[in-house]
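Q: Given chain A, put chain B in place with the hints provided.
Number of protein chains: 2
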Amino acid sequence: MERKLIEKARELLNRNLISTTLSTVDQDYNVNVAVISILDMIDDETILCARFGADKTYANLKETGKGVFLVLITDNQETKDGIRVYVELVDDLTEGPYYDRIKARLEATRYGRFPLKNCLVFKITNILPVSMLKREQVGDQD
Amino acid sequence: MERKLIEKARELLNRNLISTTLSTVDQDYNVNVAVISILDMIDDETILCARFGADKTYANLKETGKGVFLVLITDNQETKDGIRVYVELVDDLTEGPYYDRIKARLEATRYGRFPLKNCLVFKITNILPVSMLKREQVGDQD
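First to last, the protein sequences are chains A and B.
Residues in the first sequence are numbered from 1122 upward in steps of one, following my numbering.
Residues in the second sequence are numbered from 1122 upward in steps of one, following my numbering.
One thing to keep in mind: the hints can contain errors.
Any copy will do: because identical chains look the same in the list, a pair fits if it lies in one copy or spans two.
As the list claims (entries may be wrong) - Below 27 Å or equal to it, Euclidean Cα-Cα: the simulated DSS-like pairs (lysine-lysine) are:
id : residue 1 : residue 2
1  : K1125     : K1244
2  : K1224     : K1183
3  : K1129     : K1201
4  : K1201     : K1224
Please keep in mind that the hints were generated in silico from the structure rather than gathered at the bench.
Chain A on its own, in the form it takes in the complex (with noise of 0.2 Å):
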């Protein structure tokens, strides 16, 4: 993965902006996003995720394993920015010092009212640009 694509992943997720999203799919290829937006990118290919509620999410994960988060931040509808890094779930902990400080985290947001139920760790399997139009110069869509 590209140097710059990892600093922009680490970035744009750890601002927990409300416009993040996960991805996830169950068995029978029913796919599911949600706002997940409690995250700590704590090192390259590692993402630490509270979660609170998500049930539908959660029993995605907990079925097929693979997901993907999209940070997308649009200026009025005119131009769009962001990043798509695309995860595994590696492991699900209710204590332990990654649920300490995913908890931690959780608790000085928007969200500090709903006890955490499970700390995510995901590794990180792609990232990508929102979009492959500034390269490939033929749509902007992918």
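A: Using the frame of chain A, we list chain B on its own:
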């Protein structure tokens, strides 16, 4: 599906906002998400979608046929609103009235210079709000 959710989906999808995404998945449960915004919800259960790039999304849809659109509207990262629309691919057209209809819509947008490849036809299988917080008071995630 609730009438108010159907109407909200129509209003938001048909605005073709830059913050409209489609999450899809391949047979190996690799999830993808892409900005896919040129849409036309033509009745309570049918969405036409302009495909002019989006190679991975398109390949995923041909493999598993399922996805979820998200329109997410954030107000300076303070509040959020939007809709989640769960879909199945039911047709893939390269000519005909639906193709011509979405082609005309595409050409009127910022993506007008990109040739339309396919008119994807989706059936809506479910519609949910972005957040379940107001309903369940248990968490902002879902």
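Q: Now, for every hint given, state plainly whether the structure supports it.
A: Each hint, compared with the structure:
{"no.": "1", "hint": "K1125 to K1244", "in the structure": "within (18 Å within a copy, 39 Å between copies)"}
{"no.": "2", "hint": "K1224 to K1183", "in the structure": "within (21 Å within a copy, 41 Å between copies)"}
{"no.": "3", "hint": "K1129 to K1201", "in the structure": "both (14 Å within a copy, 23 Å between copies)"}
{"no.": "4", "hint": "K1201 to K1224", "in the structure": "between (31 Å within a copy, 23 Å between copies)"}
This entry satisfies every hint, going by the numbered hints stated previously.
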